[in-house]
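S.K.: Following the hints, complete the assembly by docking chain B onto the known chain A.
Residue-level listing of the chains:
There are 2 protein chains.
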Amino acid sequence: MYTENIGHHISGLFNKDLEEIRHKVLVMGGLVEQQLDQSIQAFISSDMEMAERVIQQDNEVNAMEACIERECTQILALRQPAAFDLRFLLAVLKIIYELERMGDKAKRIAQITVRLAVNQAQVSYYELVHMAELVKGMLLDALNAFARLSLDSVLVIAQQDEKVDREYDSILRQLITRMMEDSRNITRTLDVLWTVRALERIGSHACHICEHLVYALKGEYVNHMSPQELEAKLTTPSYEHTIQVRH
Amino acid sequence: MYTENIGHHISGLFNKDLEEIRHKVLVMGGLVEQQLDQSIQAFISSDMEMAERVIQQDNEVNAMEACIERECTQILALRQPAAFDLRFLLAVLKIIYELERMGDKAKRIAQITVRLAVNQAQVSYYELVHMAELVKGMLLDALNAFARLSLDSVLVIAQQDEKVDREYDSILRQLITRMMEDSRNITRTLDVLWTVRALERIGSHACHICEHLVYALKGEYVNHMSPQELEAKLTTPSYEHTIQVRH
Numbered sequence: 001m002y003t004e005n006i007g008h009h010i011s012g013l014f015n016k017d018l019e020e021i022r023h024k025v026l027v028m029g030g031l032v033e034q035q036l037d038q039s040i041q042a043f044i045s046s047d048m049e050m051a052e053r054v055i056q057q058d059n060e061v062n063a064m065e066a067c068i069e070r071e072c073t074q075i076l077a078l079r080q081p082a083a084f085d086l087r088f089l090l091a092v093l094k095i096i097y098e099l100e101r102m103g104d105k106a107k108r109i110a111q112i113t114v115r116l117a118v119n120q121a122q123v124s125y126y127e128l129v130h131m132a133e134l135v136k137g138m139l140l141d142a143l144n145a146f147a148r149l150s151l152d153s154v155l156v157i158a159q160q161d162e163k164v165d166r167e168y169d170s171i172l173r174q175l176i177t178r179m180m181e182d183s184r185n186i187t188r189t190l191d192v193l194w195t196v197r198a199l200e201r202i203g204s205h206a207c208h209i210c211e212h213l214v215y216a217l218k219g220e221y222v223n224h225m226s227p228q229e230l231e232a233k234l235t236t237p238s239y240e241h242t243i244q245v246r247h
Numbered sequence: 248m249y250t251e252n253i254g255h256h257i258s259g260l261f262n263k264d265l266e267e268i269r270h271k272v273l274v275m276g277g278l279v280e281q282q283l284d285q286s287i288q289a290f291i292s293s294d295m296e297m298a299e300r301v302i303q304q305d306n307e308v309n310a311m312e313a314c315i316e317r318e319c320t321q322i323l324a325l326r327q328p329a330a331f332d333l334r335f336l337l338a339v340l341k342i343i344y345e346l347e348r349m350g351d352k353a354k355r356i357a358q359i360t361v362r363l364a365v366n367q368a369q370v371s372y373y374e375l376v377h378m379a380e381l382v383k384g385m386l387l388d389a390l391n392a393f394a395r396l397s398l399d400s401v402l403v404i405a406q407q408d409e410k411v412d413r414e415y416d417s418i419l420r421q422l423i424t425r426m427m428e429d430s431r432n433i434t435r436t437l438d439v440l441w442t443v444r445a446l447e448r449i450g451s452h453a454c455h456i457c458e459h460l461v462y463a464l465k466g467e468y469v470n471h472m473s474p475q476e477l478e479a480k481l482t483t484p485s486y487e488h489t490i491q492v493r494h
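Same order as they appear, the protein sequences are chains A and B. If you count the first sequence from 1, position 41 lands on 41 in the working numbering, and the numbers rise without skipping. So the working numbering is basically just the index in the second sequence, starting at one, shifted up by 247.
In isolation and in its complexed conformation, chain A is listed as follows (with noise of 0.2 Å):
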């Protein structure tokens, strides 16, 4: 747990900036939690109008992440800080721009819903709706994980995208399975494909936040690491990244 790591700053009012900088993210990603839920209910009931929902919703998470941003490089700016604060805050940039990337996915399953309901699919989608839970669970937890200013729940969701990758390859062997059996099939099962594709981008995103949450809390990348890598990095005691800073 590193909550009292956000007590240690420079000024009372820097304080509550931080503090409104991190609600203010929790806000975009609740958002884009409900976008994901929403495009994959909209994707199974073929809901168009729930799906249109989704389309238009993506501007506000557009809007949220410059708000935000600007927000981000104001306290950049004006207060200049360091250590803890200041990677903080460039994780926080960087998070944003994982949440919007999310939202853009969450839209495209939404464009992909209304083309499909168009064409009147009728498909059963088990699969697919068991890989969207373990996203969906991913993104909380990275969301919760965030919140709390904890790393406790990195690993699980490290390891849980190496799920979603294997549930991604299933899934993609059975498309192809129906692709090749039922040719007239091909267009509406690619859509199909771009989903569970977009889905799997989405558990990648996941991963990215708690990245960038390593690196605020302890000043480590560990960027393109395995879940192996990973938990040998966070088992090892924390220690603050060595920037030097100006006295």
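None of these hints come from the bench; they were simulated from the model. All C-beta atoms in this analysis are idealised placements derived from N, C-alpha and C, irrespective of residue type, glycine included. It is possible that some hints are incorrect.
To be verified - Examples of chain B residues toward chain A, derived with CB under 10 Å:
no. : residue
1   : V274
2   : E312
3   : A313
4   : Q327
5   : L333
6   : L337
7   : L398
8   : D399
9   : I433
10  : L440
Claimed, not checked - Sample of chain B residues lacking proximity to chain A, with all beta carbon distances greater than 12 Å (derived):
no. : residue
11  : D332
12  : L336
13  : L375
14  : N391
15  : R395
16  : S397
17  : L402
18  : R425
19  : H471
As the list claims (entries may be wrong) - Straight line, CA to CA, 25 Å or less: simulated DSS-like cross-link-like pairs of lysine-lysine:
no. : chain 1 : residue 1 : chain 2 : residue 2
20  : B       : K383      : B       : K410
21  : B       : K480      : B       : K271
22  : A       : K94       : B       : K465
23  : B       : K410      : A       : K94
24  : A       : K16       : A       : K136
M.R.: Relative to the frame of chain A, chain B by itself:
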């Protein structure tokens, strides 16, 4: 042309730091260009050896990203830059992320090449080669824009991206037809499809690099804008974003 901006610094040392960062980003960009070029060459000529080299080189790109990121963070902590310098550093952090994603996609094309070569695929890739040329041009132009700190070609790059998207749609339709005609081809054709998709994404990353550059130079957020909206933004007189700076 905005190159005069890079001269306005607090100290000569700072200037040198920024110049060094700019140089390193260009070296990283050159490496990604090479990766992209070789991944396409390997793909169309089924050159497994070259594909393996591209896969290996991805580690180098990742290491460069981490190195530049560390240096940017150090400068932010030590020198606490404001105005253009701050925006420049924040833009660099994003640009190297885009480059790293591009490198990942080149690696993906190389991995597909290895898989396809094992399956001894012999297909003609005329359209794909044309699309790859467009995308390579976009990356080169984006890196040149960054090198010269100039927004002159930003709009052209955004328009090229629309062209790439149209080519992508057209190739996608052809691939679907191919799959429908011969279902034994589906797995192999899907691999071509992933490659085309990776190229399309690389084009988008080149556009994002330009967006980050606009932010650095004009202090304006132009993400998610159409080329038309972007044109309107770029033709308005340049002004500095109203970041309040501590005096």
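S.K.: Now tell me, hint by hint, if it's right for this structure.
M.R.: Here is what the structure says about each hint:
1. V274: 19 Å, violated
2. E312: 8 Å, holds
3. A313: For A313 of chain B, the interface hint holds, since the closest Cβ of chain A sits about 5 Å away, which is under 10 Å.
4. Q327: Hint on Q327 of chain B: holds, closest Cβ of chain A at ~4 Å, below 10 Å.
5. L333: 6 Å, holds
6. L337: 7 Å, holds
7. L398: 19 Å, violated
8. D399: 25 Å, violated
9. I433: Check passed: Cβ of I433 of chain B comes within 5 Å of chain A, closer than 10 Å.
10. L440: Since chain A brings a Cβ to about 8 Å from L440 of chain B, closer than 10 Å, the hint holds.
11. D332: 10 Å, violated
12. L336: Since the minimum Cβ distance to chain A is about 9 Å, L336 of chain B lies within 12 Å and the statement is violated.
13. L375: Non-interface label stands for L375 of chain B: nearest chain A Cβ at 18 Å, farther than 12 Å.
14. N391: 24 Å, holds
15. R395: 24 Å, holds
16. S397: Label holds. Min Cβ-Cβ 23 Å, cutoff 12 Å.
17. L402: 21 Å, holds
18. R425: Violated, since 10 Å does not exceed 12 Å.
19. H471: 5 Å, violated
20. B:K383 with B:K410: Holds, because 13 Å separates the two Cα atoms, which is no more than 25 Å.
21. B:K480 with B:K271: At roughly 29 Å apart (the allowed maximum being 25 Å), K271 of chain B and K480 of chain B break the hint.
22. A:K94 with B:K465: Between K94 of chain A and K465 of chain B the Cα gap is close to 21 Å, so the pair holds against 25 Å.
23. B:K410 with A:K94: Between K410 of chain B and K94 of chain A the Cα gap is close to 29 Å, so the pair fails against 25 Å, i.e. violated.
24. A:K16 with A:K136: 30 Å, violated
Checked against the numbered hints given earlier, this structure breaks hints 1, 7, 8, 11, 12, 18, 19, 21, 23, 24; the rest are met.
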